[in-house]
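**Student:** By my numbering, the letter at position 183 of the sequence shown is numbered 186, and the numbering carries on one by one without gaps.
Since the hints were derived computationally from the structure, they do not count as laboratory data. Glycine is no exception: its CB is placed at the ideal position from the N, C-alpha and C atoms.
Pairs of lysine to aspartate or glutamate residues, derived as DMTMM-like cross-links and limited to a Cα-Cα distance of at most 25 Å, are as follows: (1) K224 to E95; (2) K235 to D191; (3) K54 to D173; (4) K235 to D144; (5) K44 to D57; (6) K54 to D39; (7) K10 to E86; (8) K221 to E182; (9) K31 to E116; (10) K190 to E86; (11) K122 to D212; (12) K68 to D39; (13) K228 to E238; (14) K54 to D191; (15) K122 to E97; (16) K92 to D212; (17) K122 to E182; (18) K227 to E97.
DEER-style ranges, computed between Cβ atoms: (19) K237 to N131: 36 to 46 Å; (20) N127 to M4: 36 to 46 Å; (21) L241 to N117: 39 to 49 Å; (22) M4 to N117: 27 to 37 Å.
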Amino acid sequence: MKLNNFKVFVDFDGTITQQDVGEEIFRKFGNTITTDVIVAKLLAGEITARKCWDLLFESILTIDKDELNCFLDQIKVDPTFLEFHNYCKANEIELFILSDGFDYYINRILKNENIHEIKVFANNLIINNNNQFVPSYPYFDVDCQTSANCKRNHILNNSHDDDFTVYIGDGNSDKYSTEFCDFIFAKDELLKYCEKERITFFPFNNFLDVIARLESFKSKKRLKKRHQAELKRKEIYLQE
4 MKLNNFKVFV
14 DFDGTITQQD
24 VGEEIFRKFG
34 NTITTDVIVA
44 KLLAGEITAR
54 KCWDLLFESI
64 LTIDKDELNC
74 FLDQIKVDPT
84 FLEFHNYCKA
94 NEIELFILSD
104 GFDYYINRIL
114 KNENIHEIKV
124 FANNLIINNN
134 NQFVPSYPYF
144 DVDCQTSANC
154 KRNHILNNSH
164 DDDFTVYIGD
174 GNSDKYSTEF
184 CDFIFAKDEL
194 LKYCEKERIT
204 FFPFNNFLDV
214 IARLESFKSK
224 KRLKKRHQAE
234 LKRKEIYLQE
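Model the full assembly from the supplied sequences, consistent with the hints where possible.
**Tutor:** Structure (structure tokens):
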């Protein structure tokens with residue numbers, strides 16, 4: 004079968020990059036202990052993702068833009084992602100980046116790697132004339148507590164009933180959105196979550212593993228959607 008009715012949604016921090024860029028910004032330019040305490044509260048479910056970001060930004064009064072950009076220019080993406088991007092283009096698979104991070108650093112890192120033509124949905128960040136961070140959350144939804152950028156909504160808005168949805172991620176912000184996808188590729192924290200919640204998934208180390216699995220789908224005459232994901236999607240549609 005062809006894969007042109009597949010929609011692939013991929014996390015950025017820790018998935019496309021090999022480190023959590025958002026958190027590392029606050030560890031480098033803020034206070035490491037403060038950052039770790041705030042993030043621990045998020046992972047424990049004591050605060051929402053949006054509250055976590057607000058607290059982190061409050062911990063840095065001013066930022067040197069040149070120093071920040073120099074730091075970002077040292078960040079590299081997983082080299083296998085470049086191959087995966089080309090694979091998706093060759094197979095007419097629509098690829099989306101869904102991040103609970105911020106467009107400021109995502110766009111810069113992708114540009115440095117000469118990666119274009121991917122739709123990116125993320126939180127917004129600017130640095131004002133007073134050298135202060137100014138974050139905003141255009142895709143916030145109160146239903147999505149683990150991500151200030153509601154990834155679930157992007158999945159639902161960018162796929163149709165006859166599409167197969169694929170999610171690739173590693174962390175806390177990916178947990179809720181995976182419930183709405185047919186095929187899940189998980190590692191690290193997301194893998195543990197899928198195991199705990201008994202959500203069917205494929206473990207992966209890098210994007211070559213994802214390519215291999217998608218290639219195996221081509222030999223199948225028919226693929227089944229994940230039933231629980233279909234029920235979850237219908238539940239949201241009925242609420243509208």
